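The residues making up each chain are set out below.
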Amino acid sequence: MTPEQLTAIKSIVTLFEEAEIKLKEVEQFTQDLSIPSINELRYAGYHLAKAMCYEETDDNNQLNCEIDKAKGHCKRAVYDAHEMGIIYVLEKIKLFDEKYTDYMSVVVEVIPNYSEKVLLKSHEASSFIANIKGSHRDNRDNFYTACEPHYISLKNIVTQLTVNKSTIDTIINNNIVREKAETKKFILSISVVLLGTIISVLGIIVTLKSG
Amino acid sequence: MRKLKEAFSTTYKETPQDLRLDTRPLVKKVTRGNVNLQLGRFASEHEIDERRESVCKYKFID
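Protein chains in written order, with this note's numbering: chain A, 1 to 211; chain B, 212 to 273.
Chain A on its own, in the form it takes in the complex (with noise of 0.2 Å):
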């Protein structure tokens, strides 16, 4: 094996460690466990470990091939982790949207960089991973540093989401009861003025009958 190829292996170590602990920090937000990731893992340590069993008479060729299949399923392994929390966080950004998108102006009131921040945030991170869905699936471990960034600017907007939402829910509770009240009020009046309308027919109607 020469330098250069240990240098490789050592990377691989690193990257190994770096999908682990990006697993394990996806797994414990979603609070699921991505098979994928997982799997490209166990692939990495397949190749690792022929890598591992080639001599210095061998093909070089071949060992070189083995380390850059265990980088790739590395690279792959953190991309799938990411993308994971990705599709967890995008769904619940969806949710809220969905629950609110009558109160909009409610959100906005509390988070008022609502549609630039969350929405284009969420827009941006979906089409991210359409498009590698769609064009560069095998490819996947060449994005896996850009797969990151949208991961946790997502976390952090759902943490905000989730901050303020009890703000939003009393704001909406209020004005709910506060239109619920007015619409009282509104419903009676006119059944008084009904009721007094109807009283004045029939008194007309009885003061004509006895005249």
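I should point out that these hints are in silico values taken from the structure, not numbers from a laboratory.
Only true hints are included.
As a list, the in silico DSS-like pairs of lysine-lysine whose alpha-carbon atoms are at most 27 Å apart:
#1 A:K155 x B:K239
#2 A:K133 x B:K268
#3 B:K270 x A:K94
#4 A:K24 x B:K239
#5 B:K268 x A:K117
#6 B:K239 x A:K92
#7 A:K99 x B:K270
#8 A:K117 x B:K270
#9 A:K99 x B:K268
#10 B:K270 x A:K133
#11 A:K69 x A:K10
#12 A:K94 x B:K268
#13 A:K121 x B:K268
#14 A:K155 x B:K268
#15 B:K270 x A:K92
#16 B:K270 x A:K155
#17 A:K94 x A:K117
#18 B:K240 x A:K24
#19 B:K270 x A:K121
#20 A:K92 x B:K268
#21 A:K165 x B:K270
#22 B:K268 x A:K165
#23 A:K24 x A:K69
Everything numeric in this text was worked out from a predicted model, so none of it was measured.
Mind docking chain B on chain A? Use the hints.
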């Protein structure tokens, strides 16, 4: 009409919390290994594909 219905309905309610989250400490106490696996909380490639498709179809911006 909607306002009229709301006026006589119950107040706005939040979605109930995920009850499965409450079972985690118990599962951790009585079993060994990964709690998510014990709870069946894992996603296969097929499931992830479906979830991705669902969120990517959603129009976050018009």
